[in-house]
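Residue numbers (full-length UniProt numbering), protein chains in the order written: chain A, 1 to 349; chain B, 1 to 335.
To be clear, the hints were calculated from the coordinates, so they are not data collected in a lab. Hints are supplied without guarantee of correctness; some may be wrong.
As the list claims (entries may be wrong) - Here chain A is said to cover these stretches of chain B; the calculated rule only asks that three of the stretch's residues, wherever they fall, bring their Cβ under 8 Å from a Cβ of chain A:
id: 1; region: 64–75
id: 2; region: 215–224
id: 3; region: 248–260
As the list claims (entries may be wrong) - Quick partial rundown of chain B residues pointing at chain A, CB under 8 Å, derived from the structure:
id: 4; residue: ASP15
id: 5; residue: GLU55
id: 6; residue: ASN159
id: 7; residue: SER162
id: 8; residue: GLN204
id: 9; residue: LEU206
id: 10; residue: ALA264
id: 11; residue: PRO267
id: 12; residue: ASP268
id: 13; residue: LEU278
All C-beta atoms in this analysis are idealised placements derived from N, C-alpha and C, irrespective of residue type, glycine included.
Here are the chains, one letter per residue:
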Amino acid sequence: MAMSTPNAGNHPDALADDIVLRADNLRTHFIMGARAAKSVDGVTLTVRRGQTLAVVGESGSGKSVTSLSIMRLLAHPGRIVGGRLLYRMRDGGVVDLATLSDKRMRAIRGKEIAMIFQEPMTSLNPLYTVGDQIMEMIRLHEPVDRHEARTRARRMLELVEIPAPDKRLDQYPHEMSGGMRQRVMIALALACNPALLIADEPTTALDVTIQAQILDLMRRLQREIGMSILFVTHNLGVVAEIAHEVAVMYAGRVVEQAPVHDLFARPRHPYTKGLLACIPDAKRDRADDGTRKMLNPIPGSVPSVLALPAGCAFAPRCPLAEPHCETAPPELLNASPEHLTRCWRHELL
Amino acid sequence: MTDTTQTTQQPDAADILLSVRGLSKQFSTGSGPVKAVEDISFDVRRGQIVGIVGESGSGKTTAGRCLLRLVEPSSGEAIFDGVDLFSLPEKALRAYRRRLQIIFQDPYSSLNPRMRVRDIIGEAIDTHGLAKGAARQARIEELLTRVGLSPEHARRYPNEFSGGQRQRVGIARALAVEPELIIADEPVSALDVSVQAQVLNLIQELQRELGLTMIFISHDLTVVEYLCDEIVVLYLGRIMEQGPARSVYANPRHPYTRALLATAPVPDPTVRRERVILQGDIPSPLNPPSGCVFRTRCPHAIAACAETVPTRETVGSGHSVACIRQAELVETYQD
Numbered sequence: 001m002a003m004s005t006p007n008a009g010n011h012p013d014a015l016a017d018d019i020v021l022r023a024d025n026l027r028t029h030f031i032m033g034a035r036a037a038k039s040v041d042g043v044t045l046t047v048r049r050g051q052t053l054a055v056v057g058e059s060g061s062g063k064s065v066t067s068l069s070i071m072r073l074l075a076h077p078g079r080i081v082g083g084r085l086l087y088r089m090r091d092g093g094v095v096d097l098a099t100l101s102d103k104r105m106r107a108i109r110g111k112e113i114a115m116i117f118q119e120p121m122t123s124l125n126p127l128y129t130v131g132d133q134i135m136e137m138i139r140l141h142e143p144v145d146r147h148e149a150r151t152r153a154r155r156m157l158e159l160v161e162i163p164a165p166d167k168r169l170d171q172y173p174h175e176m177s178g179g180m181r182q183r184v185m186i187a188l189a190l191a192c193n194p195a196l197l198i199a200d201e202p203t204t205a206l207d208v209t210i211q212a213q214i215l216d217l218m219r220r221l222q223r224e225i226g227m228s229i230l231f232v233t234h235n236l237g238v239v240a241e242i243a244h245e246v247a248v249m250y251a252g253r254v255v256e257q258a259p260v261h262d263l264f265a266r267p268r269h270p271y272t273k274g275l276l277a278c279i280p281d282a283k284r285d286r287a288d289d290g291t292r293k294m295l296n297p298i299p300g301s302v303p304s305v306l307a308l309p310a311g312c313a314f315a316p317r318c319p320l321a322e323p324h325c326e327t328a329p330p331e332l333l334n335a336s337p338e339h340l341t342r343c344w345r346h347e348l349l
Numbered sequence: 001m002t003d004t005t006q007t008t009q010q011p012d013a014a015d016i017l018l019s020v021r022g023l024s025k026q027f028s029t030g031s032g033p034v035k036a037v038e039d040i041s042f043d044v045r046r047g048q049i050v051g052i053v054g055e056s057g058s059g060k061t062t063a064g065r066c067l068l069r070l071v072e073p074s075s076g077e078a079i080f081d082g083v084d085l086f087s088l089p090e091k092a093l094r095a096y097r098r099r100l101q102i103i104f105q106d107p108y109s110s111l112n113p114r115m116r117v118r119d120i121i122g123e124a125i126d127t128h129g130l131a132k133g134a135a136r137q138a139r140i141e142e143l144l145t146r147v148g149l150s151p152e153h154a155r156r157y158p159n160e161f162s163g164g165q166r167q168r169v170g171i172a173r174a175l176a177v178e179p180e181l182i183i184a185d186e187p188v189s190a191l192d193v194s195v196q197a198q199v200l201n202l203i204q205e206l207q208r209e210l211g212l213t214m215i216f217i218s219h220d221l222t223v224v225e226y227l228c229d230e231i232v233v234l235y236l237g238r239i240m241e242q243g244p245a246r247s248v249y250a251n252p253r254h255p256y257t258r259a260l261l262a263t264a265p266v267p268d269p270t271v272r273r274e275r276v277i278l279q280g281d282i283p284s285p286l287n288p289p290s291g292c293v294f295r296t297r298c299p300h301a302i303a304a305c306a307e308t309v310p311t312r313e314t315v316g317s318g319h320s321v322a323c324i325r326q327a328e329l330v331e332t333y334q335d
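The shape of chain A in the complex, shown without the other chains (with noise of 0.2 Å):
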C-alpha cells in the first residue's frame, strides 16, 4: 500500500537541515515459519535536532522494538522487512540505517548513536568497573591511551554529577543504587558524544524522587550537549516532562505525532484522547465534596500483532469508528502543519 509521508521532502532521500532521524513507514516483524508478528508495521517518526521526541505507547504497542530497529539490535527473528530510517551523520551525510551493513553500523552505535536501557543492571557488565567499561567505550571509537581515556571516563563520570568520580571509576555496578546505576549508563552512552541518544524507559524502574533527578539531568546535559533524544516511554507524565514533540504508538503504529503542547492541548486521534482520560486525575475525577467519579477506561483489549484487524487498529474499540474505519487502514494525515494522525475522523475531535 502507498504510504503518504506529509512531511517528506521530495526527494525521497531528502532530509530537512533541523531532523537528525526520520522513520518511514518502518516494519519490523518477528517472523516465525508461517507466521508474522507484525510488532512494528509502518512507523512514521521525527527526531529534530536537538529536541526530544517521546515515544509513547503501551504494552506491545511496538515501541520498543521501534528503538532496537533504529540501532539494528533485533534479535531473531527478528527483522526489518520494509521502509526506511533516514539519520543525518554528524558530518551532514545521510544514510539509511534499515539497510546499512552490520560493519558501518558498529562504527554508528555508540558513536553517532546511544542507547540506554530501564534497567542499568542488565546492560552493563558485572564484572569490569564502570571505569573500564567507560574507557572502553571511548577507545573503541578513539584512538586515545588508557591514561587519557580514564580522565576522559572521569570527566564523564563529573558530566553526569556523581560525586567522588576517582572512586567510583573503580567501582562495580552492583556497588551502586539504581538511580547512580543509570547516571553511569548515560555517561557510557554520552562518552563519544553521539548526536542522538535512544532512552528506553529509562526511568521506569526508579523511584519518583530519583526519577526527578534523573529527567533533571538528561535536560541538563541535552541543553548543553545539544544532543537529540528520543525518549521512549508508556508514562504520560514523564512525557509531559521531558518532550517537545510525541508520537504515538498502537499496535505497532505511530497513530500520532504533533508538538507535545498540541498533543495534550488537543489530541487528534481517538487513541490518544481515550488514554489521556483514563489516567485518574483528582481535580476531574472527584466531585467538590470528595465523591469519586468513574474513570473512563478504552473498552477492550489491544489486538495481537499476530492477527491485527485489516482497517485501523484502534477502530474495534473505538467510539468514532465507523464501518469505512474497519477496512481501509488511515494513512498519516495532518491536522495541521505540525500535527499529524492515522485517523479519518480527526476532524471531529
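Chain A is fixed; fit chain B onto it per the hints.
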C-alpha cells in the same frame, strides 16, 4: 454497626474496623538488624480506602504483610473488630484470615500456573468451608461475573489471560471468602494505563456494593489522590505525614510529602510546578540517619533534626506531621 460512609465524617470509635498501634518490624540480616517498619499507627474506618504511599524501602509492603501476619510483626497491636490480630494464636488467627484478604501486585507470580481458575478460586472457598457441590460451582461463576470475567473462564489457566484479566482473577479469589478488609499491594502498578482504569473502576464498584474496606499500598501518588480517603506517607519505615487525602494533597506539611508531590509527573505540559528535587539516594535501612530519617535529603534540615525523632503533631482534623520544623516552615510554603 454504623453505615459505611463516604469521605467527610467525624471519627467515631464504632466506625473503626482496624486500629494499628506501634507496629514495628525488624529483620535480622547478615549485616545487622534492619528496621523495616518502625512505630506505625493508623486507623482504618469501615468502608474507606486508606492509601499507604512510599518509595522503595519505605516499608509499605512489609507493613501490609504484617497486618495479615504473612510476616510476623516484632511489636505493636492491630485491633481488628475488637481483637488484637498480633496476639492471636495461629489457630484462632485462621478465622480472621477469612476476614482480611490480600491482592498482590504481580498477577503473573501470585496465581498458581498449574491450577485452573475454578480451582484457584475454589481453593479459597474450600479452605474456609464456605460452599460445596453445586453451590460452590455457582459461587465461582458468580465471582467471575462479578469481577468482569465470564463463567467460561473457570476452565482456563492463568497463562491464558492478559495482565488485567489475571488481576481480576486475583480479586475474585480475594472476594471468594467474603472479606471485610482487603489489603491491595500495588494492585494496578504492573498494568497499562487503559487496563489500570478498568481495574480501578472495578475496585470502586466492589467497595461501594460490598461495603469493603481497603488498604491500598502504592507508589503512585496520582492514583492514591484519586482513590483514597486517607493517606499515610512512609519513608524508611516511618510515618512522615498522615491524614485525610484531600487535606494532605491540598496542604502537604512534611518536606518529604511536598517533594514527592512536586516530583510526581503529571500528564500536563503546561504545569510548571515548584521543583523540589531531592538530592542523593534513599539511605540504606541498615544504617538509617539518627533523629529524623529524612533529614539527610531534607532541604530544610537543621542540626536539631539529627538529635530527636520527631513526634507527630496535629496540623488539622485528623492530619498529622512528624517534623520538628513544620510550624515555622509553613510560612515558607506560601509562594
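Structure-based check of all given hints:
1. Beta-carbon proximity to chain A at under 8 Å applies to 0 residues in the region 64–75 of chain B; the threshold of 3 is not reached and the given coverage is violated.
2. Only residues whose beta carbon comes within less than 8 Å of a beta carbon in chain A count, and the region 215–224 of chain B has 4; three or more means the coverage holds.
3. Counting residues of the region 248–260 of chain B whose CB falls under 8 Å from any CB of chain A gives 3; the rule of at least 3 is met.
4. A distance limit of 8 Å between C-beta atoms decides the matter here; for ASP15 of chain B the minimum to chain A is near 17 Å, and the interface restraint is violated.
5. The restraint placing GLU55 of chain B at the interface with chain A holds, with a minimum CB-CB distance near 4 Å, inside the 8 Å limit.
6. Interface restraint check: ASN159 of chain B against chain A, minimum CB-CB distance 15 Å, threshold 8 Å, status violated.
7. Annotation: SER162 of chain B was flagged as interfacial toward chain A, and the flag holds, the nearest CB pair being 6 Å apart, inside 8 Å.
8. A least Cβ separation of about 6 Å between GLN204 of chain B and chain A falls short of the 8 Å threshold, and the interface hint therefore holds.
9. Checking LEU206 of chain B against chain A: minimum C-beta separation of about 13 Å lies over 8 Å; hint violated.
10. Proximity of ALA264 of chain B to chain A holds as hinted, the smallest CB-CB distance being about 5 Å (cut-off 8 Å).
11. Because the closest C-beta pair between PRO267 of chain B and chain A is about 4 Å apart, less than 8 Å, the hint holds.
12. Interface restraint check: ASP268 of chain B against chain A, minimum CB-CB distance 6 Å, threshold 8 Å, status holds.
13. The interface hint given for LEU278 of chain B holds, since its Cβ lies 5 Å from the closest Cβ of chain A, which is under the 8 Å cut-off.
Checked against the numbered hints given earlier, the structure breaks hints 1, 4, 6 and 9 and satisfies all the rest.
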